[in-house]
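Participant: So the sequences go chain by chain: A and B.
Quick note on numbering: my numbering labels position 303 of the first sequence as 303, and the sequence is numbered without any gaps.
Quick note on numbering: my numbering labels position 269 of the second sequence as 269, and the sequence is numbered without any gaps.
Be aware that a few hints might be false.
[What the hints assert, rightly or not] If the Cβ cut is set under 7 Å, some of the chain B residues that face chain A in the computed set are:
no., residue
1, Q172
2, D175
3, E178
4, A179
5, T181
6, L183
7, G184
8, A185
9, R189
10, L196
11, P197
12, I266
Keep in mind the hints are simulated off the structure, nothing from the lab.
Every residue gets a Cβ at the ideal spot worked out from N, C-alpha and C, and that includes glycine.
Given next are the chains, with one letter for each unit.
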Amino acid sequence: MKIRLDNVVKTFDTFRAVHGVSLDIESGELVALLGPSGSGKTTILRMVAGLEFADGGHIYFGEQDATDIPVRDRGVGFVFQHYALFPQMTVAGNIAFGMKVSRVKRSAAEIDARVTELLRLVRLEGLGDRFPNQISGGQRQRVALARALAVDPKVLLLDEPFGALDANVRRDLRRWLREIHEQLGITTLFVTHDQEEALDLADRVVILDQGRIVQQGTPEDVCRNPNSAFVMKFLGDANQLAVEVSSGKALVGQAELDAVNFPDGPANVYLRPRDLDWSSDAPGIAATVMRVIDKPDGRRILARTAGGDNLELDVAPEIEARAGDEGFVRVHRAKVFPSVPG
Amino acid sequence: MSRARHAKPPRVGDSPAIRRALIASVLVVGAFLIFAPLVVILYQAFSKGFGFFAETISDPDTRHAIFLTVATALIAVPINTAFGIAAAWAITKFDFRGKRLLLVVIEIPFSISPIVAGVAYLFVYGLQGLFGPALDTAGIKILFALPGIVLASMFVTAPFVARELIPLMQAQGRDLEEAATSLGASGWRTFFSVTLPNIRWALLYGVVLCNARVMGEFGAVSVVSGNIRGQTNTLPLHIELLYHDYNTVGAFAAASILTVLAIVTIIAKVLLERQGAGRGGRPALAAPKAPPSQGHAP
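Next comes chain B alone, as it looks inside the complex (with noise of 0.2 Å):
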C-alpha cells in the first residue's frame, strides 16, 4: 500500500514533512486560540462546584441577561429572516436601478465596526439625536431598552441571511418562478412551493448564523443599552459586568451559557451543512437516490 504511495508522482506540496507540519502546526495554533479558551470556560465556571454554578446562574440578575439575549433573539431573528427573503429576492429575480447599491449597503454592517452602529444609533435616537425629542415627547422609550437592543443588533445581522441567500439565488436563475407564474400561481404560491423549497438549507444556515450573531453581539449593544444591571444587560454584557466585578466564576459561568448556546448553534449548522446548505449549489433532494437511469431514447 505504502510503495504504491511511492510509486506515484508527488503532487506539489505533497511530501510527507510538509504535510505533517502544516497538520501539526494548525492542530497546535487551534488548541491554543480556540479549544484552550473554551476549556477554561467551563473548567472555571466549575472551579467552585455545581452549587455555586447553579447558584449564579439563578441570580436574577443573571436570568434577566438571558432572557433579554433570547428575547432580542426571537424578535431580531426574524425580522432579519424576512428582510434578507426580501433583500435576495428583489436582488435575484427583478432588474431594477441601483441594483448594485443595494448590494454594497447590504454589505455594509460587516464592514463596520459594531461599536460605530451603536454610536450612530445614539445620534439618532438619543436625546440630542434626530428623532431623540419627538420619540422623548412621545414617550417612547429606544435607547438604554429593549427596542435599541434589538435595532442595534438587527443592525449587526442585517446581511447574514441575505449574503447566504444571493448567491443560490443567482444561481438558480428565475425559470422556476416563471414556470410557476405561468402556471397560474400566485406570487405567495410561486414562494412557498417553489422558491422556498429550493433555498431552505441556505435560508437555516443563514438564519442560524444570525441567530448567534445576535446572541453574542457584544459592541454595538453595549453603547445603546446603557449596561443597567436586571435591566438592560444582555448576557455578554452581564458577562463583563460580573468579571469587573471581580466575580470571575460568576462570569465564567454566564459564559458557559452562552458557549452552550453557541455550541448548540455550531452543531445545529454542522447539520445543515449536511444537507446541502451554504455550498451554493442546488440543494439536495429530499427523495431517494436516483435509480440507474433507464436508457436516453425518449
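Chain A extracted, bound-state conformation (with noise of 0.2 Å):
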C-alpha cells in the first residue's frame, strides 16, 4: 500500500507541531522518521495510524483519501513505544485480540491456527500461555508485533521500536525486524531518534527537525550528501570550525578546503573524526593533544589547534600520540555549510 502525506499540519494548543509535510511512501517500502525529540515524527505516525487527526492537509492510502478514516477502520497495525500489551491476557490472547473484535468472523479454530503461525513468525512457539508480565522486554516487542500484523494491516506503524531495549537485544531485533520485512513486504514506517537504528533498518530515511522535513533519501544519500549542518551534526559526531571562505577556498589553519559555490565571507566547515588524521609533520592544522581516548577499533584523540578550537580524531590504533604531543591535523575530507546567523 502506497502512502501519501501532503502538506499535513498539526497543531497543539499553541505549538505547533508539524508543518506542512509532504511525503510519499513506496509500497512494500521500509522508512524510518528520524528526528531529536520534539521535531514532530511520533505525531506524523500517529496522524498516518488515525490516532491524531491532521489540522490540515490530505493523508492518502493508495488513492484512498484515509484523512478523516478513524483508526479503527484504517487498517493499520501500529507497535506502540511500550508495548501497550493488555495485561489481564495471555501472549496468545493478545496476538488474538484483533481477529476476535474484527467485523470480519473467523472460526476458533481459524484463529487458533493464526495465532500459532504468528508465534512461530516471531520465534515465540510455546509462550503463548504466558502472561505479558512474564516475558522479556525483547519477546514483549515481538508479540506486540505479532498483535499487530494478526489482523493484515496494510501497513505497519511502529513507534520508537527498539527505545525500552537494551543495545544488545536492540542490534538483534533490528536484524530480525528487516527479515521480517523482507519476508511480508508490508510497507513500514517506523519512528526513531537513533540515526544508527534508522541508517541500519531503512530503505529511506526522513529526517526532521522542528516539525519540517530537512532531508530525505537512502542511508547512502544522506551520509555522504548531508544538505544542512543540522543533518550533518544529527547523522553523527562533527566537529565544527568557524572559517572564511574566498575565491572558493576555505582555508582552515595551513590547510585549505573546497568550498566551490559559496560566497566570500564566514562559513563553518564541519569535519567527522574519522576524516581526520594526526602527523607529527605539516601539512595540516597545528595542534597540541589534549587527551587520549583508546577503543577496541582504534584511538581518538582530543586536540586543540593553534586558533583555540577543539577538534576531536578517530585515528588507527598505531597511531602514537600523548597528552602534551605538538603535531598536524590533516583534513581528508570536510563539509563547509553557510554559519549559521545567532
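Got two chains here, each in a separate frame; can you build the complex from them with the hints?
Facilitator: Structure below.
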C-alpha cells in the first residue's frame, strides 16, 4: 500500500508540531522518520495511524483519502513504544484480540491456527500461555509486532520500536525486523531518534527538525551528502570550525578546503572525527594533543588547534600520540555550510 | 538477635521509648475513640435480651427504614458508579477545555457540608423552589419522598468512584485503549475487554466506599426526606428518631444493624485492598506468579 502525505499540518494548543509535511512512501518500502525529540516524528506517525487527526492537508492510502478515516477502520498495525500489551490477557490472547473483535468473523479454530503461525513467525512458539509480565522486554516487543500483524494491516507503523531495550537485544531485533519485512513486504514506517537504528534498518530515511522534513533519501544519500549543518551534526559526531571563505576556498590553519559555489565570507566547516588524521609533520592544522581515549577499534584524540578550537579525531590504533604532543591534523574530507546566524 | 539490633545505628525516631509511646498512644486513642463506641452499640442493643432486640428490628417502622436505606443504595450506587466511570474516563482519556474545572466540580461534594446540599435541594425542588411549582403541577414528588433521598445521597457520594479511578487511569495512560482501537475494537469492546479489567479492583473499592456513605448519610437526607416515620425515614434518621423517643435500646438495635452493614463493607474493602485496589499501581494480574525469566536474549 502506497502512502502519501500532502502538506499535513498539526497544531497542539499553540504549539505547531508539524508544519506542512509532504511525503511519499512506496508500497513495500521500509521508511524511518528520524529526528530529535520534539521534531514531530511521532505526531506524523500517529496521524498516519489515525490516532491523531491532521489540522490541515491530506493523507492518502493508495488512491483513497484516508485523512478522516478513524483508526479503527484504517487497517494499520501499530506497535507502541511501550508495547501496550493487554496485561490481563495471555500472549496468545493478545495476538488473537484483533481477530476476535474484527467485523470479519473468524472461527475459533481459524484464529488459533493464525496465532500459532504468528507465534512461529516471531519465534515465540510455546510462550502463548504466558502473561506479558512473565516475558522479557524483547519478547514483549515481538508479541506487540505479532499482534499488529494479526489483523493483516495494509501498513505497519512502529513508534520507537527498540527504544526500551538494551543495546544487544536492540541490534538483534533490528536485523530480525528487517528479515520479517523482507518476508512479508508490508509497507512499514517507523519512528526513531537513533540515527544508527534508522541507517541500519530503513530503505529510506526521512530526517525531521521542528516539524519539517529537512532531508530524505537512502542511508547512503543522507550520509554522504547531508544538505545542512543540522543533518551533518545529527547523523553523527562532527567537529565544527568557523572559517572564512574566499574565492571558493576555505582556509583552516594552513589547510585549504574546497568550498565551491560559496560566497566569500564567514562559513562553518564540519569534519567527522574519522575524516581526520594525526601526523607529527606538516602540512595540516597545527594542534596540541589534550587527551587520548583508547577504544577497541582505534584511538580518539582530543586536540586543540593553535586557533583555540577543539577537534576530535578517530585514528588508527598504531598512531602514537600522548597528551601534550604537538603535531598536525590532516583533513581527508570536510563539508562546508553557511554559518547559521545567531 | 536483640544484640544485633542494638549494634545497628538507630534510625530517626527508632528509639524503643518513642516507638512504644507512639504505639501505646495510638492504641489508647483508638480504643476510646473507635472501639469503645462500637462495643457500646452492641452491648446496649442486646441489653434487654435478644427477644427485645428482635422485636425492635421487626417493628414495621424500623423494617421500612431498612428497606428504604437498601433501596436508596440500590439506586444511588449504580448511578454514581456509572457517573464515576464516565467522569474518570472523560478526564483521563480525552483532552478538552474545562477539564480542570470538571475535576474541581467533582470534588465539591467532599468539601460541602451535606446539610448545605440538602438545603440547596430544597430550594431547587421545593414548592418555593426553582422547579417546585412545575413539578407539583406535573404531579411529580421529589422532596419528602424516595427521589429526593436518592438525589441527596447521590450528591454526597458523587466523587467516590471517580476519585478512586482517576489516579489509576491517569497512571495507565491511553496506550492500551489506543492499541485496542487500532486493532479494530469498538468503544464498548475496548471498555469491557481492556479498560475494565485494569480498573476493576479500584472500581469495586470506590463502589464499596460509595455504598457505605450512601447507607450512612444523615445530614442531606435529613433535610430532604422530611423525617416522616415509616415513610421517608432511612436507617440513620430512624435511629435518631428512636433515640429522641427515649427508646435507647431500640436506637442501639437499629444502630447495630447499620454497624453490621458498615463492618461488612469494611471487610469487603480490606479484601479488595489485598487484591491491589486503591493503591494506584497496576492491579495484580489474575495469573500465577512469574516463573524465573528465560533470560533476556530474544
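Participant: A separate judgement is required for each hint: does it hold in the structure or not?
Facilitator: The hints, checked one at a time:
no., hint, result
1, Q172, "10 Å, violated"
2, D175, "4 Å, holds"
3, E178, "6 Å, holds"
4, A179, "4 Å, holds"
5, T181, "5 Å, holds"
6, L183, "4 Å, holds"
7, G184, "5 Å, holds"
8, A185, "4 Å, holds"
9, R189, "5 Å, holds"
10, L196, "10 Å, violated"
11, P197, "4 Å, holds"
12, I266, "27 Å, violated"
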